[in-house]
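Heads up, the sequence shown is in the numbering used here, so the first residue is -14 and it goes up one at a time.
Lysine-lysine pairs mimicking DSSO-like chemistry, simulated, CA-CA at most 27 Å apart:
#1 Lys258 / Lys106
#2 Lys3 / Lys117
#3 Lys144 / Lys199
#4 Lys106 / Lys297
#5 Lys316 / Lys334
#6 Lys3 / Lys37
#7 Lys126 / Lys189
#8 Lys191 / Lys176
#9 Lys3 / Lys55
#10 Lys333 / Lys316
#11 Lys209 / Lys334
#12 Lys16 / Lys76
#13 Lys70 / Lys54
#14 Lys(-4) / Lys25
#15 Lys297 / Lys285
#16 Lys141 / Lys126
#17 Lys176 / Lys141
#18 Lys141 / Lys117
#19 Lys25 / Lys(-10)
#20 Lys25 / Lys(-1)
#21 Lys191 / Lys141
#22 Lys3 / Lys16
#23 Lys(-10) / Lys104
#24 Lys305 / Lys(-1)
Derived CB-CB ranges, DEER-like:
#25 Ala272 / Asp72: 48 to 58 Å
#26 Pro28 / Lys193: 44 to 54 Å
#27 Lys0 / Gly218: 43 to 53 Å
#28 Ala272 / Glu217: 14 to 24 Å
Don't read these hints as lab results, they were simulated from the structure. Where a beta carbon is used, it is the ideal one built from N, C-alpha and C, also for glycine.
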Amino acid sequence: MATLKTVLHSKINKKGAKDYRLALRLTVNRKRSYYHLGQKVEPKFWDAHREKVKSTHSRHKQLNRLIRKKYDEIEDVIFELEASKQDYTAKQVIDSIRKNTKKLSFFELADNHIEDLIKAKNHNRAISDRSKINRIKEFAKNRNLTFQEIDENLLKRMKIYLRNTVGISERSVMNIFVLIRLLYNSAISKKIVDQKFYPFGRGKIKIKYPQTIKIGLNENEILKIEELELEEGTAIWHTRNVFLFSFYLAGIRISDVLRMRWGDIVGDRLYYKMSKNDKADSLRLPAPVIDILANYMEDKRDNSDYIFPELKTIAFQDSKAIYTRIKTSIKRLNDNLADIATLAKIDKKITNHIARHSFGNIAGDKVSPQMLQKLYRHTHLSTTIGYQGNFIHKNADEALDAIINFKK
-14 MATLKTVLHS KINKKGAKDY RLALRLTVNR KRSYYHLGQK VEPKFWDAHR
36 EKVKSTHSRH KQLNRLIRKK YDEIEDVIFE LEASKQDYTA KQVIDSIRKN
86 TKKLSFFELA DNHIEDLIKA KNHNRAISDR SKINRIKEFA KNRNLTFQEI
136 DENLLKRMKI YLRNTVGISE RSVMNIFVLI RLLYNSAISK KIVDQKFYPF
186 GRGKIKIKYP QTIKIGLNEN EILKIEELEL EEGTAIWHTR NVFLFSFYLA
236 GIRISDVLRM RWGDIVGDRL YYKMSKNDKA DSLRLPAPVI DILANYMEDK
286 RDNSDYIFPE LKTIAFQDSK AIYTRIKTSI KRLNDNLADI ATLAKIDKKI
336 TNHIARHSFG NIAGDKVSPQ MLQKLYRHTH LSTTIGYQGN FIHKNADEAL
386 DAIINFKK
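Based on the sequences and whatever the hints tell you, model everything.
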(Lines of atoms letter the chains of each structure in order from A and count residues from 1; the text may use other names and numbers.)
(Lines give C-alpha, C1' and ligand atoms only; values in the text may rest on other atoms or scores of the structure.)
Protein backbone atom coordinates (compact mmCIF):
# COMPACT_ATOMS: atom_id res chain seq x y z
CA MET A 1 0.00 0.00 0.00
CA ALA A 2 1.25 3.47 -0.92
CA THR A 3 1.13 6.52 1.35
CA LEU A 4 1.78 9.99 -0.06
CA LYS A 5 2.39 13.02 2.17
CA THR A 6 3.62 16.56 1.68
CA VAL A 7 6.38 17.39 4.16
CA LEU A 8 9.16 19.79 5.00
CA HIS A 9 12.31 17.74 4.44
CA SER A 10 15.21 19.14 6.46
CA LYS A 11 18.82 19.05 5.31
CA ILE A 12 22.00 20.50 6.78
CA ASN A 13 23.51 23.10 4.43
CA LYS A 14 27.19 23.97 3.98
CA LYS A 15 27.03 26.53 6.80
CA GLY A 16 25.80 23.90 9.25
CA ALA A 17 22.25 25.30 9.42
CA LYS A 18 19.06 23.46 8.50
CA ASP A 19 17.28 24.07 5.21
CA TYR A 20 13.62 23.04 5.02
CA ARG A 21 12.61 21.93 1.55
CA LEU A 22 9.10 21.27 0.31
CA ALA A 23 8.88 17.62 -0.68
CA LEU A 24 6.41 14.87 -1.44
CA ARG A 25 7.19 11.73 0.53
CA LEU A 26 6.00 8.47 -0.96
CA THR A 27 6.08 5.34 1.20
CA VAL A 28 5.59 1.89 -0.33
CA ASN A 29 6.06 -1.22 1.80
CA ARG A 30 7.69 0.92 4.51
CA LYS A 31 10.35 2.23 2.10
CA ARG A 32 10.42 5.96 1.41
CA SER A 33 11.40 8.13 -1.51
CA TYR A 34 11.24 11.93 -1.73
CA TYR A 35 10.33 14.22 -4.61
CA HIS A 36 11.68 17.70 -3.85
CA LEU A 37 9.75 20.62 -5.27
CA GLY A 38 12.74 22.94 -5.46
CA GLN A 39 11.34 25.35 -2.89
CA LYS A 40 12.40 26.19 0.68
CA VAL A 41 9.88 27.15 3.36
CA GLU A 42 10.54 28.13 6.95
CA PRO A 43 8.75 25.89 9.50
CA LYS A 44 6.71 28.85 10.81
CA PHE A 45 4.94 29.04 7.42
CA TRP A 46 4.16 25.31 7.24
CA ASP A 47 0.86 23.69 8.30
CA ALA A 48 1.91 20.08 8.90
CA HIS A 49 -1.64 18.93 9.71
CA ARG A 50 -3.17 20.28 6.49
CA GLU A 51 0.05 19.66 4.51
CA LYS A 52 0.08 23.11 2.95
CA VAL A 53 1.83 26.47 3.15
CA LYS A 54 0.13 28.92 5.51
CA SER A 55 -1.54 32.01 4.12
CA THR A 56 0.96 34.16 6.03
CA HIS A 57 3.58 33.25 3.43
CA SER A 58 3.79 35.80 0.59
CA ARG A 59 3.78 33.05 -2.07
CA HIS A 60 1.41 30.58 -0.42
CA LYS A 61 -0.95 30.37 -3.41
CA GLN A 62 1.78 29.53 -5.93
CA LEU A 63 3.45 27.03 -3.60
CA ASN A 64 0.20 25.25 -2.76
CA ARG A 65 -0.67 25.04 -6.47
CA LEU A 66 2.74 23.45 -7.09
CA ILE A 67 2.12 20.94 -4.28
CA ARG A 68 -1.31 19.97 -5.67
CA LYS A 69 0.02 19.61 -9.21
CA LYS A 70 2.86 17.26 -8.27
CA TYR A 71 0.69 15.42 -5.72
CA ASP A 72 -1.85 14.67 -8.47
CA GLU A 73 0.89 13.56 -10.89
CA ILE A 74 2.24 11.02 -8.40
CA GLU A 75 -1.26 9.77 -7.55
CA ASP A 76 -1.98 9.30 -11.27
CA VAL A 77 1.15 7.17 -11.73
CA ILE A 78 0.24 5.02 -8.70
CA PHE A 79 -3.34 4.62 -9.96
CA GLU A 80 -2.14 3.42 -13.38
CA LEU A 81 0.31 0.94 -11.84
CA GLU A 82 -2.27 -0.48 -9.46
CA ALA A 83 -4.95 -0.63 -12.16
CA SER A 84 -2.62 -2.75 -14.30
CA LYS A 85 -1.66 -4.82 -11.21
CA GLN A 86 2.04 -4.01 -11.55
CA ASP A 87 4.41 -4.21 -8.62
CA TYR A 88 6.26 -0.97 -7.92
CA THR A 89 8.54 0.72 -5.42
CA ALA A 90 8.48 4.27 -4.09
CA LYS A 91 11.75 5.01 -5.87
CA GLN A 92 10.41 3.80 -9.23
CA VAL A 93 7.38 6.09 -8.98
CA ILE A 94 9.43 9.13 -7.96
CA ASP A 95 12.02 8.42 -10.67
CA SER A 96 9.27 8.29 -13.30
CA ILE A 97 7.99 11.71 -12.16
CA ARG A 98 11.50 13.16 -12.34
CA LYS A 99 11.94 11.88 -15.89
CA ASN A 100 8.69 13.51 -16.95
CA THR A 101 9.39 16.88 -15.34
CA LYS A 102 12.96 17.83 -16.10
CA LYS A 103 16.34 16.44 -16.88
CA LEU A 104 18.60 16.50 -13.87
CA SER A 105 21.84 18.41 -14.11
CA PHE A 106 25.17 16.72 -13.40
CA PHE A 107 25.36 18.03 -9.84
CA GLU A 108 21.72 17.17 -9.08
CA LEU A 109 22.32 13.58 -10.14
CA ALA A 110 25.57 13.62 -8.15
CA ASP A 111 23.65 14.72 -5.04
CA ASN A 112 21.21 11.83 -5.53
CA HIS A 113 24.19 9.48 -5.85
CA ILE A 114 25.63 10.70 -2.52
CA GLU A 115 22.24 10.38 -0.80
CA ASP A 116 21.92 6.80 -2.05
CA LEU A 117 25.37 5.95 -0.65
CA ILE A 118 24.47 7.44 2.74
CA LYS A 119 21.18 5.52 2.83
CA ALA A 120 23.16 2.36 2.07
CA LYS A 121 25.46 3.30 5.00
CA ASN A 122 28.43 3.42 2.65
CA HIS A 123 29.91 6.44 4.42
CA ASN A 124 33.47 5.87 3.23
CA ARG A 125 32.44 6.01 -0.42
CA ALA A 126 30.00 8.90 0.19
CA ILE A 127 32.70 11.10 1.74
CA SER A 128 35.22 10.18 -0.95
CA ASP A 129 32.78 10.88 -3.81
CA ARG A 130 31.57 14.12 -2.21
CA SER A 131 35.18 15.34 -2.16
CA LYS A 132 35.55 14.52 -5.87
CA ILE A 133 32.30 16.33 -6.71
CA ASN A 134 33.51 19.41 -4.83
CA ARG A 135 36.66 19.41 -7.01
CA ILE A 136 34.45 19.40 -10.10
CA LYS A 137 32.35 22.25 -8.66
CA GLU A 138 35.50 24.30 -8.07
CA PHE A 139 36.45 23.85 -11.73
CA ALA A 140 32.92 24.69 -12.91
CA LYS A 141 32.82 27.70 -10.54
CA ASN A 142 29.58 26.26 -9.09
CA ARG A 143 27.81 26.50 -12.46
CA ASN A 144 25.11 23.82 -12.72
CA LEU A 145 26.54 21.75 -15.58
CA THR A 146 24.31 19.74 -17.89
CA PHE A 147 25.57 16.37 -19.07
CA GLN A 148 25.77 17.58 -22.67
CA GLU A 149 28.25 20.24 -21.56
CA ILE A 150 30.58 17.56 -20.19
CA ASP A 151 32.36 16.77 -23.43
CA GLU A 152 35.95 15.87 -24.34
CA ASN A 153 37.06 19.49 -24.44
CA LEU A 154 35.67 20.25 -20.98
CA LEU A 155 37.27 17.11 -19.50
CA LYS A 156 40.65 18.03 -21.01
CA ARG A 157 40.41 21.51 -19.52
CA MET A 158 39.34 20.02 -16.19
CA LYS A 159 42.37 17.74 -16.16
CA ILE A 160 44.73 20.67 -16.79
CA TYR A 161 43.04 22.64 -13.99
CA LEU A 162 43.20 19.76 -11.50
CA ARG A 163 46.82 18.91 -12.28
CA ASN A 164 48.28 22.42 -12.59
CA THR A 165 46.08 24.70 -10.49
CA VAL A 166 44.88 22.35 -7.75
CA GLY A 167 48.04 20.24 -7.90
CA ILE A 168 46.54 16.79 -7.43
CA SER A 169 48.09 13.62 -8.83
CA GLU A 170 47.27 11.91 -12.12
CA ARG A 171 45.73 9.01 -10.17
CA SER A 172 43.43 11.42 -8.30
CA VAL A 173 42.34 12.97 -11.61
CA MET A 174 41.53 9.51 -12.96
CA ASN A 175 39.48 8.77 -9.84
CA ILE A 176 37.43 11.91 -10.51
CA PHE A 177 36.97 10.87 -14.15
CA VAL A 178 35.78 7.43 -13.02
CA LEU A 179 33.06 9.10 -10.94
CA ILE A 180 32.05 11.33 -13.86
CA ARG A 181 31.85 8.23 -16.08
CA LEU A 182 29.71 6.44 -13.49
CA LEU A 183 27.28 9.35 -13.27
CA TYR A 184 27.24 9.75 -17.07
CA ASN A 185 26.31 6.08 -17.52
CA SER A 186 23.57 6.52 -14.91
CA ALA A 187 22.28 9.60 -16.76
CA ILE A 188 22.17 7.65 -20.04
CA SER A 189 20.20 4.81 -18.43
CA LYS A 190 17.74 7.35 -16.96
CA LYS A 191 17.32 9.02 -20.38
CA ILE A 192 18.75 12.29 -19.05
CA VAL A 193 21.30 12.46 -21.86
CA ASP A 194 21.68 10.67 -25.17
CA GLN A 195 24.40 8.05 -25.64
CA LYS A 196 25.85 10.04 -28.56
CA PHE A 197 27.17 12.67 -26.12
CA TYR A 198 29.16 10.10 -24.10
CA PRO A 199 32.72 11.53 -23.84
CA PHE A 200 34.56 8.34 -22.86
CA GLY A 201 35.83 5.37 -24.87
CA ARG A 202 37.69 4.66 -28.07
CA GLY A 203 38.83 7.83 -29.79
CA LYS A 204 37.60 9.91 -26.86
CA ILE A 205 38.68 10.38 -23.24
CA LYS A 206 40.45 7.29 -21.91
CA ILE A 207 40.79 6.54 -18.22
CA LYS A 208 44.24 5.12 -17.64
CA TYR A 209 45.83 4.92 -14.21
CA PRO A 210 49.55 5.67 -13.92
CA GLN A 211 51.71 2.84 -12.73
CA THR A 212 52.57 3.06 -9.05
CA ILE A 213 55.46 1.53 -7.16
CA LYS A 214 54.39 -0.86 -4.42
CA ILE A 215 57.05 -1.70 -1.86
CA GLY A 216 56.55 -4.40 0.74
CA LEU A 217 58.68 -5.68 3.58
CA ASN A 218 60.86 -8.77 3.09
CA GLU A 219 61.20 -11.83 5.33
CA ASN A 220 63.99 -10.33 7.44
CA GLU A 221 62.05 -7.12 8.04
CA ILE A 222 58.95 -9.03 9.15
CA LEU A 223 61.16 -11.06 11.51
CA LYS A 224 62.57 -7.84 12.96
CA ILE A 225 59.05 -6.65 13.76
CA GLU A 226 58.10 -10.02 15.24
CA GLU A 227 61.18 -10.09 17.47
CA LEU A 228 60.90 -6.56 18.86
CA GLU A 229 60.66 -6.55 22.65
CA LEU A 230 57.55 -4.48 23.36
CA GLU A 231 55.76 -4.12 26.66
CA GLU A 232 52.55 -6.15 26.66
CA GLY A 233 49.37 -4.09 26.75
CA THR A 234 50.93 -0.93 25.32
CA ALA A 235 49.58 0.87 22.25
CA ILE A 236 52.66 0.00 20.19
CA TRP A 237 52.39 -3.68 21.19
CA HIS A 238 48.74 -3.67 20.10
CA THR A 239 49.68 -1.97 16.82
CA ARG A 240 52.18 -4.74 16.04
CA ASN A 241 49.49 -7.35 16.75
CA VAL A 242 47.04 -5.73 14.33
CA PHE A 243 49.69 -5.34 11.61
CA LEU A 244 50.88 -8.95 11.89
CA PHE A 245 47.30 -10.25 12.10
CA SER A 246 46.68 -8.63 8.72
CA PHE A 247 49.97 -9.90 7.25
CA TYR A 248 49.49 -13.51 8.41
CA LEU A 249 46.05 -13.56 6.76
CA ALA A 250 47.25 -12.53 3.29
CA GLY A 251 47.06 -8.81 3.92
CA ILE A 252 43.42 -8.42 4.98
CA ARG A 253 42.56 -4.72 4.83
CA ILE A 254 42.88 -2.88 8.13
CA SER A 255 39.23 -1.72 8.06
CA ASP A 256 38.15 -5.38 7.85
CA VAL A 257 40.56 -6.39 10.62
CA LEU A 258 39.09 -3.82 13.02
CA ARG A 259 35.53 -4.92 12.15
CA MET A 260 36.16 -8.59 12.91
CA ARG A 261 34.15 -10.22 15.68
CA TRP A 262 34.71 -13.35 17.69
CA GLY A 263 31.74 -14.95 15.93
CA ASP A 264 33.70 -14.78 12.65
CA ILE A 265 35.94 -17.54 14.02
CA VAL A 266 34.54 -21.07 13.86
CA GLY A 267 36.90 -23.80 14.95
CA ASP A 268 40.26 -23.09 13.38
CA ARG A 269 38.87 -20.97 10.54
CA LEU A 270 38.06 -17.33 9.98
CA TYR A 271 34.87 -16.56 8.04
CA TYR A 272 34.45 -12.95 6.98
CA LYS A 273 33.08 -10.61 4.35
CA MET A 274 35.16 -7.84 2.79
CA SER A 275 33.65 -4.40 3.37
CA LYS A 276 35.05 -3.13 0.05
CA ASN A 277 33.09 -5.49 -2.20
CA ASP A 278 31.00 -7.74 0.11
CA LYS A 279 32.96 -10.83 -0.96
CA ALA A 280 32.80 -13.69 1.54
CA ASP A 281 35.84 -15.83 2.25
CA SER A 282 37.30 -18.28 4.73
CA LEU A 283 40.90 -18.84 5.81
CA ARG A 284 42.44 -21.32 8.23
CA LEU A 285 44.03 -19.52 11.16
CA PRO A 286 47.84 -19.82 11.12
CA ALA A 287 49.50 -20.55 14.48
CA PRO A 288 50.83 -16.96 14.91
CA VAL A 289 47.29 -15.60 14.49
CA ILE A 290 46.00 -17.94 17.20
CA ASP A 291 48.74 -16.62 19.48
CA ILE A 292 47.67 -13.03 18.77
CA LEU A 293 44.01 -13.83 19.45
CA ALA A 294 44.91 -15.32 22.83
CA ASN A 295 46.02 -11.85 23.95
CA TYR A 296 42.49 -10.47 23.46
CA MET A 297 40.43 -13.41 24.70
CA GLU A 298 40.21 -12.00 28.23
CA ASP A 299 38.20 -8.98 26.99
CA LYS A 300 35.74 -11.08 24.97
CA ARG A 301 32.15 -10.44 26.11
CA ASP A 302 30.34 -12.72 23.66
CA ASN A 303 30.60 -13.90 20.05
CA SER A 304 29.13 -10.66 18.71
CA ASP A 305 31.90 -8.63 20.36
CA TYR A 306 34.71 -7.13 18.29
CA ILE A 307 38.07 -8.91 18.58
CA PHE A 308 40.14 -5.74 18.75
CA PRO A 309 39.28 -2.85 21.11
CA GLU A 310 38.86 0.04 18.64
CA LEU A 311 35.10 -0.45 18.02
CA LYS A 312 34.00 -2.04 21.29
CA THR A 313 32.26 1.10 22.59
CA ILE A 314 30.23 1.73 19.41
CA ALA A 315 26.80 0.25 18.65
CA PHE A 316 26.91 -2.26 15.77
CA GLN A 317 24.15 -0.35 13.95
CA ASP A 318 25.90 3.03 14.03
CA SER A 319 27.69 2.75 10.69
CA LYS A 320 28.71 6.41 10.57
CA ALA A 321 30.35 6.28 14.02
CA ILE A 322 32.09 3.03 13.04
CA TYR A 323 33.45 4.64 9.88
CA THR A 324 34.72 7.68 11.82
CA ARG A 325 36.35 5.55 14.53
CA ILE A 326 38.08 3.31 11.96
CA LYS A 327 39.44 6.39 10.17
CA THR A 328 40.92 7.88 13.35
CA SER A 329 42.19 4.47 14.52
CA ILE A 330 44.05 3.85 11.25
CA LYS A 331 45.83 7.20 11.60
CA ARG A 332 46.88 6.37 15.16
CA LEU A 333 48.01 2.86 14.20
CA ASN A 334 50.03 4.23 11.29
CA ASP A 335 51.76 6.70 13.62
CA ASN A 336 52.69 3.78 15.89
CA LEU A 337 53.95 1.78 12.90
CA ALA A 338 56.37 4.61 12.11
CA ASP A 339 57.78 4.16 15.63
CA ILE A 340 57.98 0.40 15.09
CA ALA A 341 59.97 0.97 11.88
CA THR A 342 62.43 3.11 13.84
CA LEU A 343 62.78 0.55 16.63
CA ALA A 344 63.24 -2.30 14.14
CA LYS A 345 65.72 -0.23 12.10
CA ILE A 346 63.67 -0.57 8.94
CA ASP A 347 64.20 2.31 6.50
CA LYS A 348 60.94 1.74 4.61
CA LYS A 349 57.74 3.62 5.39
CA ILE A 350 55.39 1.21 7.17
CA THR A 351 51.61 1.65 7.19
CA ASN A 352 48.84 -0.85 7.76
CA HIS A 353 48.40 -1.25 4.00
CA ILE A 354 52.05 -2.32 3.74
CA ALA A 355 51.00 -5.60 5.41
CA ARG A 356 49.25 -6.48 2.13
CA HIS A 357 52.22 -5.40 0.01
CA SER A 358 54.56 -7.37 2.30
CA PHE A 359 52.55 -10.54 1.80
CA GLY A 360 52.73 -10.01 -1.97
CA ASN A 361 56.45 -9.28 -1.84
CA ILE A 362 57.27 -12.42 0.15
CA ALA A 363 54.90 -14.57 -1.93
CA GLY A 364 56.69 -13.42 -5.11
CA ASP A 365 56.47 -16.24 -7.63
CA LYS A 366 56.41 -19.01 -4.98
CA VAL A 367 52.62 -19.41 -5.13
CA SER A 368 50.47 -19.84 -8.24
CA PRO A 369 48.56 -16.75 -9.41
CA GLN A 370 45.30 -18.69 -9.12
CA MET A 371 45.91 -19.39 -5.43
CA LEU A 372 47.00 -15.80 -4.77
CA GLN A 373 43.83 -14.60 -6.50
CA LYS A 374 41.82 -16.50 -3.89
CA LEU A 375 43.95 -15.24 -1.00
CA TYR A 376 43.68 -11.62 -2.17
CA ARG A 377 39.95 -11.99 -2.92
CA HIS A 378 40.46 -10.53 -6.42
CA THR A 379 37.59 -10.86 -8.89
CA HIS A 380 39.85 -11.16 -11.93
CA LEU A 381 43.07 -13.15 -12.28
CA SER A 382 44.55 -10.31 -14.34
CA THR A 383 44.29 -8.07 -11.25
CA THR A 384 46.36 -10.57 -9.25
CA ILE A 385 48.97 -10.95 -11.99
CA GLY A 386 49.28 -7.18 -12.29
CA TYR A 387 49.56 -6.77 -8.51
CA GLN A 388 52.24 -9.47 -8.16
CA GLY A 389 54.18 -7.88 -11.00
CA ASN A 390 55.12 -5.17 -8.50
CA PHE A 391 57.09 -7.69 -6.43
CA ILE A 392 58.62 -10.18 -8.88
CA HIS A 393 62.00 -8.88 -10.03
CA LYS A 394 64.09 -12.05 -10.16
CA ASN A 395 64.08 -12.58 -13.95
CA ALA A 396 64.75 -8.92 -14.70
CA ASP A 397 67.57 -8.82 -12.13
CA GLU A 398 69.20 -11.96 -13.59
CA ALA A 399 68.86 -10.60 -17.14
CA LEU A 400 70.50 -7.34 -16.10
CA ASP A 401 73.37 -9.20 -14.44
CA ALA A 402 73.85 -11.38 -17.52
CA ILE A 403 74.27 -8.31 -19.70
CA ILE A 404 76.52 -6.11 -17.60
CA ASN A 405 78.73 -8.79 -16.01
CA PHE A 406 80.80 -9.28 -19.15
CA LYS A 407 84.12 -8.99 -17.36
CA LYS A 408 85.56 -12.33 -16.39
